[in-house]
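Student: Listed here are the chains, written in short residue letters.
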Amino acid sequence: MAHPHAPQPVQVRFLTPGVAVLLLLAAAGLAVVAARVFLGIGAVTNLSDQYPWGLWIGVDVAGGVALAAGGFTTAALGHVMHRERYHALVRPALLTAMLGYTFVAMGVCIDIGRWYYIWHPIFMWNGNSALFEVGICVTIYLNVLYIEFLPVVTERFIGRVDLPGALSRLNGFVDRGLRLLERGLSSTMSFFIIAGIVLSTLHQSSLGTLMVIAGPKMHPLWQTPVLPLLFLLSAISVGFPMVILESLLASRSLGLEPEMDLLSRIGRMTAPLLGVYLAFKLGDMFIRETFVHLARLDFPAVMFMVEVFFGIVVPLRLFLSEEARRSKAGLFTAAALAVGGVLLNRVNNFIVAYTPPFSFGRYVPSPGEVVVTVGFVSLLVLLYRAAVLVFPVISLPSRPRAPRTKYAVRG
Amino acid sequence: MKRLDRRSFLKCAAAAGAGVLGAPCPEAQARTRPAPAPERGGVLVDTTVCIGCRGCEWACKEAHGLPTPPRQAYEDATPFERLRRPDAGALTVVNRTAGAGPGGLPAFVKAQCMHCDHPACVSACIVGALVKQDDGSVVWDTDRCIGCRYCMVACPFQVPAFEWKKALQPRIMKCDFCAPRRAEGKLPACVENCPVEALTYGPREELVRVARSRVKNHPERYAEAVYGEREVGGASWLYLSARDGAGIGLPALGPDPAPGVSESIQHGIFAYFVPPVALYSLLGLLMWDAKRPAGRDGEG
Ligand code: SF4
Ligand code: SF4
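Residue numbers (the numbering used here), protein chains in the order written: chain A, 1 to 411; chain B, 412 to 711.
Keep in mind that the hints were calculated from the coordinates and are not lab data.
Hints may contain errors.
20 Å max Cα-Cα, derived SDA-like pairs, lysine to any residue [as the list claims (entries may be wrong)]:
#1 B/Lys576 to A/Ile110
#2 B/Lys576 to A/Ala43
#3 B/Lys577 to A/Met189
#4 B/Lys577 to A/Ala43
#5 B/Lys702 to A/Met189
#6 B/Lys702 to A/Arg83
#7 B/Lys576 to A/Pro367
#8 B/Lys702 to A/Phe192
#9 B/Lys702 to A/His82
#10 B/Lys576 to A/Pro365
#11 B/Lys576 to A/Tyr363
#12 B/Lys577 to A/Ile110
#13 B/Lys702 to A/Phe191
#14 B/Lys702 to A/Thr188
#15 B/Lys577 to A/Ala6
#16 B/Lys702 to A/Met81
#17 B/Lys576 to A/Arg83
#18 B/Lys577 to A/Val37
#19 B/Lys577 to A/Ala34
#20 B/Lys577 to B/Gly476
#21 B/Lys702 to A/His87
#22 B/Lys576 to A/Ala34
#23 B/Lys702 to B/Tyr691
#24 B/Lys576 to A/Tyr116
#25 B/Lys576 to A/Phe360
#26 B/Lys702 to A/Glu84
#27 B/Lys576 to A/Gly40
#28 B/Lys577 to A/Leu39
#29 B/Lys576 to A/Met81
#30 B/Lys577 to A/Ala35
#31 B/Lys577 to A/Tyr116
#32 B/Lys577 to A/Thr188
#33 A/Lys281 to A/Leu297
#34 B/Lys577 to A/Phe38
#35 B/Lys576 to A/Cys109
#36 B/Lys576 to A/Phe38
#37 B/Lys576 to B/His475
#38 B/Lys576 to A/Ala35
Excised from the complex, chain A in its bound form (with noise of 0.2 Å):
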């Protein structure tokens, strides 16, 4: 608690112009759902019986799970390895990871035809399923990153619990209540954060598991059986990388500084992480020789070009170079594109590849389900906003330190 650098709230008003936006396109984004609610999923979409997974599982849910993936890589360096300086990563990645993996489930529930079903896998076991793998990890990791982050809220109302009107007779009550709750996570704490590294390797992976019974299906520039393997490799290169990603923006929307040391720190340690994730795509092309299909020049042959030369290629190249990761600009660019290429990757591995054996045309997301992806991005962002609002999740290095009763005041 001493810690010069204690994460804090933010102190700065919730509505901005770009939250204005934003709130806009939450708002369609949530009505396109409720459309999707009341009149099926045909309705909304352009999946068809050639095209039974589309954008929703391509990127809210895969994506989604990749990009969430800052919070294990930051829990493993900042927890396990007790890398203290970089303790100051550990909670906003966590918040990320909360709040991704929250919209994870909530795509996944708008996108199974029975969204009230959705409690079935937890009784109804089918160990061969990679699915069923995938949904029982995820939701098990989704709670234990919900208690993870219970020491913020704990943190956060300690000493500070106020009640309104006759309620506030039980604050003493409350408080006692946070005291015992906090006491009892930081001894178990140890036990959830590991957890939550294992929980993450097994459906990082499981998630690549999953197209490979697509068999010949899937295009074979992307289907393998080490697919798995990429996968996890991936999500492990993509954690940093996105983490400086959102530092950079928080900080910027939230008028901060930006920990920059820090972050080209950890931009060095990405290097070596794209590297091998490199290495075994290339080595997996040139053993199974699919780079045959690359000369075609089609379609899933450019998108597979782009997905290596722009998602993983440049932005080793840019990690590489000490002058790009001390410039903010260097630093954004290759952490955008190691993030754009990752997604880039899933997209590709769940909708590019699919090659059903009978099809009426390409699947092309409709407008619907554009709508909802970039809703659910907007709500989770504004999501995050509020929560460095409310909770001490961001380190503020460069200011003084707020004195305790302003919290008081916040709502």
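Use these hints to put chain B with the ligands onto chain A, whose structure you have.
Tutor: Chain B with the ligands in isolation, oriented as in the chain A frame:
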């Protein structure tokens, strides 16, 4: 040579995948899938006999309570002008492939669920809503299904369809091999209604023998391979045709069961929970070690 390479590559891949997660996976290779019941039923579709009357389409809809025009409406040949697939409103459809029948005549090919011996849909289903029964049928359980459509992604024959327009209780729709009718001792509706006996119902293993002997006795009429005998590990439904499967518009598939690779990866990663537990212990040790004062980050 090529095959061998691919196989050893698969093994390395599964081992590497499990290795990353902390432990070797002796179980992955050892597991064997349950053999399908030897007495399971099947249907032999002789596409060289089929006249394209689409009586099976009508009978199927009648038997499954799906809306259908009267029987006479099926004499209309315009549906043959484009390729059709089974969907939520028709669990079986007949397609015409020009010039692919005996003597250059068109071939009429009925499409429906193949009732695989090692069904990808059954392996994939997140809640086990799809089951391969001893009578050969692969059936779907509405009380379990969550509508995730992974079965549709997995099926190598691209068969299961979904009720896209329904907001509540949308169903996965596919041929159920008339399991309820057969339980009452009746024939599958399509088989019963075929006027030219293009469809033969019986024990699958016997149908394989029948098919092989027809090929042997009439080599001028039939292509060598019986489609469905080996494809993705074999299926309850079998096809005889003048050209091979690809020639009459059926997917060209190898002999390995469709769920094989994904299941061995799955079991490799989980192998009695050894890899996850090993990884957990390893991380715990690392954490404990890093937290000792001597192990602390000196610069921090
Ligand atoms: S054809 Fe498809 S739906 Fe039918 S049993 Fe095989 S995998 Fe399942
Ligand atoms: S849609 Fe239903 S039957 Fe198909 S895999 Fe999902 S839960 Fe199983």
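Student: Quick one: which hint numbers does this structure break? Sort them smallest to largest.
Tutor: 3, 15, 17, 29, 32
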